[in-house]
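A.B. asks: All chains should be built: construct the whole structure from the sequences, respecting the hints.
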Amino acid sequence: MAEIVELRDAVAELVHDGDAVAMEGFTHLIPFAAGHEVIRQGRRELELIRMTPDLLYDQLLGMGCARRLVFSYGGNPGVGSLHRFRDAIEHGWPVPVEIEEHSHAGMANRYAAGAAHLPFGILRGYTGTDLVNHTNVKFVTCPFTGEELAAVPALRPDVAIVHAQEADRRGNVQLWGIPGVQKEAVLSAERALVTVERIVDELEPRPGGIVIPGWVIDAVAVAPRGASPSYAHDLTERDNDFYKAWDTISRDREDFTRWMDEHVLDATGVTA
Amino acid sequence: MAEIVELRDAVAELVHDGDAVAMEGFTHLIPFAAGHEVIRQGRRELELIRMTPDLLYDQLLGMGCARRLVFSYGGNPGVGSLHRFRDAIEHGWPVPVEIEEHSHAGMANRYAAGAAHLPFGILRGYTGTDLVNHTNVKFVTCPFTGEELAAVPALRPDVAIVHAQEADRRGNVQLWGIPGVQKEAVLSAERALVTVERIVDELEPRPGGIVIPGWVIDAVAVAPRGASPSYAHDLTERDNDFYKAWDTISRDREDFTRWMDEHVLDATGVTA
Amino acid sequence: MSAEAATAGEVQTIVAARLLADARSCFIGVGRPSTAAILARAIVNPELVLVYESGTIGAKPYKIPLSIGDGELAATADFVVPVVEMFNYWIQPGRIDVAFLGAAQVDRQGSLNSTVIGDYDAPKTRLPGAGGAPEIATGCDRVMVVAPHSKRTFVERLDFLTTRAAPEAVITDLGVLEPDPRDGELTLTRLHPGVTVEAAREATGWALRVAEDLRHTDPPTEDELSALRELVAR
Amino acid sequence: MSAEAATAGEVQTIVAARLLADARSCFIGVGRPSTAAILARAIVNPELVLVYESGTIGAKPYKIPLSIGDGELAATADFVVPVVEMFNYWIQPGRIDVAFLGAAQVDRQGSLNSTVIGDYDAPKTRLPGAGGAPEIATGCDRVMVVAPHSKRTFVERLDFLTTRAAPEAVITDLGVLEPDPRDGELTLTRLHPGVTVEAAREATGWALRVAEDLRHTDPPTEDELSALRELVAR
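Chains as they are written, first to last, in my numbering: chain A, 1 to 272; chain B, 1 to 272; chain C, 1 to 234; chain D, 1 to 234.
Think of the hints as simulated: they come from the structure by calculation, not from any bench. No experiment lies behind these values; they were computed from the predicted model shown. Just to be clear, a hint being listed does not mean it is correct.
To be verified - A short list of chain B residues far from chain D (calculated; beta carbon distances all over 10 Å): (1) 12; (2) 81; (3) 96; (4) 99; (5) 116.
What the hints assert, rightly or not - Pairs of lysine-lysine residues, derived as DSBU-like cross-links and limited to a Cα-Cα distance of at most 35 Å, are as follows: (6) 138(B) with 63(C); (7) 124(C) with 138(B); (8) 151(D) with 124(D); (9) 63(D) with 138(A); (10) 244(A) with 63(D); (11) 124(D) with 138(A).
Built from N, CA and C at the ideal position, the CB exists for glycine as well.
C.D. replies: Now the structure itself:
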């Protein structure tokens, strides 16, 4: 059974300097509150893993939490560049960041292999692209047909962090709406932290509901609006205006730092 | 969009002598009505694919429809032997049947590979068992870790047949309860036939509901109680007494033949 | 004490259920293993998560199901997953603690045959086949086998090795076999009430090793027996 | 005719939408491709199944979403699948007819760069990266690219080959390029109203081939233009 604890305590216990950390949520249910707590606790040298780095990883990169980034799409969706992501890669600010990038299909299959505790996943991809020479992919031959397929190594993060709509008192979690790779992220990781909008007495099965049992989760922490400016389907709305505003906030190093000081470092609440 | 047609016409059009046919449904939602129609239309030389042959395949085998059986568990669950399955394998009655057997994990990954249009799937299994020498499995080496894993060839049936609770008028299907490998079976096959308990104006999303869009299905046919003696969660009950009675009905060749004559061949309805 | 009243099968089921006292989750098929695991929730481990290969995780059956896919299992489960996910995300990674397996033949190392009696290509008796057992046995940390004690079942040599298993206990209707720590050979460590070593030897197809500290299983208590009988009668 | 009133971008979007008249399903990202596909449902193909890599299949957005995972997409979808399933069961097997893709650079064969401008290890501009594009491009039968016509975009040589694509059409704000059947080189086959061949040549980073039967695209109709403007204004 997952323990229901304070977010601060959960992050302190589960996320260590140098860890490989996967915070997932595909546009939906991005665990901003937990990521901000990681920033407040000053974690360093993290290997940050995430298909779509998004604003949260822009913030973590800009605050110098990471030594390495593993990803497949680093943009502000529908808006443009992630300026802190670019600054880290283009200029090593505030610290140099090593990158390993894949396609979405590759990353998804890396998580699926991790969740299955297989050492690799296979897919048709990578062939004929320049990515082959700049990432960790190999090829295997089908023993039945002779076809050559891309092989991607399983992701096995030290810790996965996801956000969900609700948990019951025994730490069983339910999320619905766009499910992304959250289940795979939790099942691929050594440790798992789930933040939730609310605790309920009993999980009421929902259409599209995905249940993650408490016995594969280490800690559940309550973080109302903990996905903001992302959202929790049926409970909160995506703050598209903030996504647009981030383009300005994050463009300049000083503006960014000032904003983070005010809205994340000095904050004790769970939302930015 | 899937056409909504009479079951008789759907079987006549989609299932041909010599086809590889996968009728799936893991204990739940077994497509008995469609299978009986295959028997009535006298299909021969089929390659019958199914994880758990169950009573339906016992009937198809006993009626001489198959030249080959691909499976992973051929028992009457909770009751005992499948007598027609045994008679076909042990004595070649009424016709000899070639078999290819796997473990459930192997068959599930064969369907998953088929649904993904990959030539094979990988898993940890088969090693150290006698099955290795009696089935179609090979081994691949992980290019990252050197670990040797079992490789199973994708299943790509000519036609998949499954039963579901409901379809809308455009042939979009929803099923819920134990989902088994139905989605994979449909997506792995060249053609797909789905029988349903009922047609509804609009699919109302259900907890645990799996939607299969009409544009990957060739035909939908209405077959109320079409899973009986298996069941359709929330709509019909599993007829456990019939599963027990089948042990007696099927034990003797003549009793079996007489029962099939009366309840399947002479029947025009959809249930036995 | 109603131990006298208990049949050998009842004792076997109750002893198997007791072994689940500390388990978090248990993977079960149909028949006696299923009865034992459901009983365990009633008598020693109300939180035990029952997992069926049909995809139902955390099922809470009131009645003993006939099949591993009865409607009550899905209706009462914590969640239900497709078969592919069950094997790839739950069994293969070892997320289920204990596997309760049956078999037609068990050898002295605890490996199992559920495929065929006689020659594979010209079988005397064709059995159902592997099902989920091989990967469940390698995926679960702890494997327990529940099988009737007879020379037909406990054989010197399997006709077919379906499932490579190293069970931590084999619970029969006569006693309990556990692997000898020296070489893994299944050894009689416990006898059920009223059973003799000779009876167990007689019913085993190899020269059965007997543990030096052979003990007797505790007879079923009133509560255990009435819980089992009530469950079976539902 | 209000074609005079249409901006080049509006013409591009409308021409792209028209190309979806016969498609069953279309895979789309954000920005102009998304607007075009949503418009297609309004003007030429109400049954078009819109697929977003977030997992929403059959989404029916009333507004143009900012991201590919806006709540409205999931709320209006025929069904929603996990990302692993999206790529493995829906994209890789080619179940989605058409892919609408954008890119920072397009070469004369139609391959795409969305990874980096400059050297990979010392980039001038780091772009977002591959996302779903490479496997979407190889998985979908028909690929169409929607990109602004400029020398920065249509380059002699990609700085990085992210997505190997052979688009059947590249829709720009000046016209439409299609592969020459002889060697696959993207060739100007259609010009939007009021655009000259010289303007298109000027805006292309290689010596642009022009089709012998070069045609003009039909100007946007009143209905098309008002449908687009209404959609954008929502």
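A.B. asks: Next, verify each hint and record whether it holds.
C.D. replies: Each hint tested on the structure:
The beta carbon of residue 12(B) is kept farther than 10 Å from every beta carbon of chain D, the shortest such distance being approximately 26 Å. Against the 10 Å criterion, residue 81(B) stays outside the reach of chain D, whose nearest CB is about 36 Å from its own CB. Every beta carbon of chain D lies more than 10 Å from that of residue 96(B), the smallest distance being close to 35 Å; the non-interface claim holds. Against chain D, the non-interface label of residue 99(B) holds: every CB pair exceeds 10 Å, the least being about 28 Å.
Remark: the non-interface label on residue 116(B) conflicts with the geometry, its nearest Cβ contact in chain D lying 4 Å away (cut-off 10 Å). For the given pair, residue 138(B) sits about 42 Å from residue 63(C) by alpha-carbon distance, which is inconsistent with the 35 Å threshold. Of the pairs offered as hints, the one joining residue 124(C) and residue 138(B) holds, with about 28 Å between alpha carbons and a cut-off of 35 Å not exceeded. Only pairs whose Cα atoms come within 35 Å are accepted, and residue 151(D) paired with residue 124(D) is accepted, the gap being roughly 17 Å.
Distance restraint check for residue 63(D) and residue 138(A): the Cα-Cα separation of roughly 42 Å exceeds the 35 Å cut-off, and the hinted pair is therefore not satisfied. For a cut-off of 35 Å, the pair hint linking residue 244(A) to residue 63(D) stands: about 17 Å separates their Cα positions. Between residue 124(D) and residue 138(A), the direct Cα distance comes to roughly 28 Å. Compliance with the 35 Å bound is thereby established for this hinted pair.
Violated hints, in rising order: 5, 6 and 9; the structure is consistent with all others.
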